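Using the sequences and the hints, build the whole thing.
There are 2 protein chains.
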Amino acid sequence: MVEIAADPTHPRYQSLLMRHRLEEAEKKGMLAGSALIAHGRGEAYDYLLGEQSIPSAKAATKQALAHLLSAHHPVISLNGNAVALAGKELLHLADQLGCPVEINIFYRTPERMEALIGHLTQLKVEHSLDVEILGAEPDARIPGLEGPRANCVKRGIFDSDVLLVPLEDGDRCEALMAMGKTVLVIDLNPLSRTAQMASVTMVDELSRVVGNMNRILLSKERPKVSEEYLNESSLQDALNHIKDFLTKTD
Amino acid sequence: MVEIAADPTHPRYQSLLMRHRLEEAEKKGMLAGSALIAHGRGEAYDYLLGEQSIPSAKAATKQALAHLLSAHHPVISLNGNAVALAGKELLHLADQLGCPVEINIFYRTPERMEALIGHLTQLKVEHSLDVEILGAEPDARIPGLEGPRANCVKRGIFDSDVLLVPLEDGDRCEALMAMGKTVLVIDLNPLSRTAQMASVTMVDELSRVVGNMNRILLSKERPKVSEEYLNESSLQDALNHIKDFLTKTD
Numbered sequence: 036m037v038e039i040a041a042d043p044t045h046p047r048y049q050s051l052l053m054r055h056r057l058e059e060a061e062k063k064g065m066l067a068g069s070a071l072i073a074h075g076r077g078e079a080y081d082y083l084l085g086e087q088s089i090p091s092a093k094a095a096t097k098q099a100l101a102h103l104l105s106a107h108h109p110v111i112s113l114n115g116n117a118v119a120l121a122g123k124e125l126l127h128l129a130d131q132l133g134c135p136v137e138i139n140i141f142y143r144t145p146e147r148m149e150a151l152i153g154h155l156t157q158l159k160v161e162h163s164l165d166v167e168i169l170g171a172e173p174d175a176r177i178p179g180l181e182g183p184r185a186n187c188v189k190r191g192i193f194d195s196d197v198l199l200v201p202l203e204d205g206d207r208c209e210a211l212m213a214m215g216k217t218v219l220v221i222d223l224n225p226l227s228r229t230a231q232m233a234s235v236t237m238v239d240e241l242s243r244v245v246g247n248m249n250r251i252l253l254s255k256e257r258p259k260v261s262e263e264y265l266n267e268s269s270l271q272d273a274l275n276h277i278k279d280f281l282t283k284t285d
Numbered sequence: 036m037v038e039i040a041a042d043p044t045h046p047r048y049q050s051l052l053m054r055h056r057l058e059e060a061e062k063k064g065m066l067a068g069s070a071l072i073a074h075g076r077g078e079a080y081d082y083l084l085g086e087q088s089i090p091s092a093k094a095a096t097k098q099a100l101a102h103l104l105s106a107h108h109p110v111i112s113l114n115g116n117a118v119a120l121a122g123k124e125l126l127h128l129a130d131q132l133g134c135p136v137e138i139n140i141f142y143r144t145p146e147r148m149e150a151l152i153g154h155l156t157q158l159k160v161e162h163s164l165d166v167e168i169l170g171a172e173p174d175a176r177i178p179g180l181e182g183p184r185a186n187c188v189k190r191g192i193f194d195s196d197v198l199l200v201p202l203e204d205g206d207r208c209e210a211l212m213a214m215g216k217t218v219l220v221i222d223l224n225p226l227s228r229t230a231q232m233a234s235v236t237m238v239d240e241l242s243r244v245v246g247n248m249n250r251i252l253l254s255k256e257r258p259k260v261s262e263e264y265l266n267e268s269s270l271q272d273a274l275n276h277i278k279d280f281l282t283k284t285d
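Order-wise, the sequence lines are chains A and B.
Each residue of the first sequence is one higher than the last, beginning at 36 in my numbering.
Each residue of the second sequence is one higher than the last, beginning at 36 in my numbering.
The hints are simulated quantities; they were obtained by calculation from the structure and are not laboratory data.
Since the structure is predicted, the reported quantities are computational estimates derived from the model, not experimental observations.
Note that beta-carbon positions come from the ideal geometry of N, C-alpha and C, so glycine has one too.
Mixed in with the good hints, there may be bad ones.
Negatives, chain A to chain B, calculated, CB over 12 Å [claimed, not checked]:
no.	residue
1	Gln87
2	Ala185
3	Lys255
In the DMTMM-like style, the derived pairs of lysine to aspartate or glutamate whose C-alpha atoms are separated by at most 25 Å in a straight line are [claimed, not checked]:
no.	chain 1	residue 1	chain 2	residue 2
4	A	Lys278	B	Glu86
5	A	Lys97	A	Asp196
6	B	Lys278	A	Glu267
7	A	Lys278	B	Asp279
8	B	Lys97	B	Glu262
9	A	Lys63	B	Glu59
10	B	Lys278	B	Glu86
11	B	Lys63	B	Glu146
12	B	Lys255	B	Asp196
13	B	Lys283	A	Glu209
14	A	Lys283	B	Asp279
15	A	Lys97	A	Glu267
16	A	Lys283	B	Asp204
17	A	Lys278	B	Glu267
18	A	Lys63	B	Glu58
19	B	Lys63	A	Glu58
20	B	Lys283	A	Asp272
21	B	Lys97	B	Asp194
22	A	Lys283	B	Asp206
23	B	Lys62	A	Glu58
24	A	Lys62	B	Glu58
25	A	Lys123	A	Glu172
26	A	Lys62	A	Glu149
27	B	Lys283	A	Asp206
28	B	Lys62	B	Glu149
29	B	Lys123	B	Glu61
30	B	Lys63	A	Glu61
Written as structure tokens, this is what we have:
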């Protein structure tokens, strides 16, 4: 059992809270076997970033939000870890954007789908959020992928023009980009294939990104898509930040 | 279920094999809740090191082995992840060194202790290894630590002069150093408190280190403790290696 500090100002509070959320999600059968290992990898990169939203990540977040706001058919794709770490906050974001969420998991089993849909539906009711939850009945396939991981919903991910996919794997990110979509990803490893391939990469921790997006929307700020935004520069900035961290703490 | 490539030359073979071993250990109740997250953190640092034993890590491994060979009372301390990832190989090492192993876990429960001792005993019998497995009946305490994590065995860890502790946490490493022991650690994060405090830090993946140690001993090489060895230099070299990796892959 993860011990959470009672005091939110405790330096490890956020990190321990995220672990606690994953533990709860595990008990509910929401996670794949590789979920905790993937989270640990994220923790290591976040440590190297100083566990903060660095300026380039904040700029990427604004750019991503601008794409979502100007989209014809935005969709938020959710996997097990995303639901576990920030399910409520992601539903708030979808509610503010007026877009659906679609559960789209790599290791798809009926039990996991049911656990994830059940959990999100409960959050939606508890917080009176007006969000459509897609994914239970896939009726389309992402071209170029094999097996159940290609499954998606026609009027959801398949027809979306702008897609927020936190924590996506490289193959699926590539296949979604090949469909001509604007793909917005959250990935703490600036060298991952997903990070390198996406339209906009937020090198930041998921719950911080979603918190930042919700705060911007609540403040009535409506960012515009910047023509000057270069994803490579954003990734390079994250790499430089990690290198500086490794140098300063020598 | 983790899929393991049938072909050991597959680039992800070792990494997937380690995940598979953890999954098996999880099923047997050998792991704490935080074990998979900790492994994921290790995976991220290993990726940044190029998933290889870098020269400074090999030098640290020789130095650690030299300390074990020249010790009066060497002991290998094992936690859940160490047993899961390289239980058999660690017993082979203890057999070659003629030293006991002691199970010493951070989150101690009777069920986990029983699962770990059962698994090690089975391996010992299967491979006809002559190794004493300590830990079931702690009769001493590591000064400066609170609660069950201070428990240890008098004629094991407590009386040891040289201690190999793969994957140790910072507090316990500090307490063991304060007892005046030579503490040899395996830690993929060169910035961790454990890595920074130990007598010899091998910034390398556990199963690779144990494999390297066993190969050296089988080759009849008997390394001598080097007076020139500087642990800070070894850590600095690992940091430089990661920085080079981040620069080359920009």
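Consistency of the no-contact label for A/Ala185, given chain B and a CB cut of 12 Å: holds (17 Å)
Distance restraint between A/Lys283 and B/Asp204, which requires alpha-carbon spacing of 25 Å or less: At roughly 23 Å apart (the allowed maximum being 25 Å), B/Asp204 and A/Lys283 satisfy the hint.
Distance restraint between B/Lys63 and A/Glu58, which requires alpha-carbon spacing of 25 Å or less: Given that 25 Å is the threshold and the Cα spacing comes to 18 Å, the pair holds.
Straight-line alpha-carbon gap B/Lys283 to A/Glu209, limit 25 Å: Judged against 25 Å, a Cα distance of about 23 Å means the pair holds.
Hinted pair A/Lys278 and B/Asp279, Cα distance within 25 Å: This hinted pair holds, its Cα atoms lying about 9 Å apart.
25 Å limit on alpha-carbon distance, applied to hinted pair B/Lys123 and B/Glu61: Status holds; Cα separation ~17 Å.
25 Å Cα cutoff - pair B/Lys255, B/Asp196: holds (24 Å)
Hint consistency between B/Lys97 and B/Asp194 [alpha-carbon to alpha-carbon, up to 25 Å]: Between B/Lys97 and B/Asp194 the Cα gap is close to 23 Å, so the pair holds against 25 Å.
25 Å Cα cutoff - pair B/Lys97, B/Glu262: OK: B/Lys97 and B/Glu262 at ~13 Å, within 25 Å.
B/Lys62 paired with B/Glu149 [C-alpha distance capped at 25 Å]: Status holds; Cα separation ~14 Å.
Pair hint outcome, B/Lys63 versus A/Glu61 [Cα-Cα no greater than 25 Å]: holds (17 Å)
Holds or violated: B/Lys278 to A/Glu267, with C-alpha atoms at most 25 Å apart: This hinted pair holds, its Cα atoms lying about 18 Å apart.
Taken one by one, the earlier hints all hold for this structure without exception.
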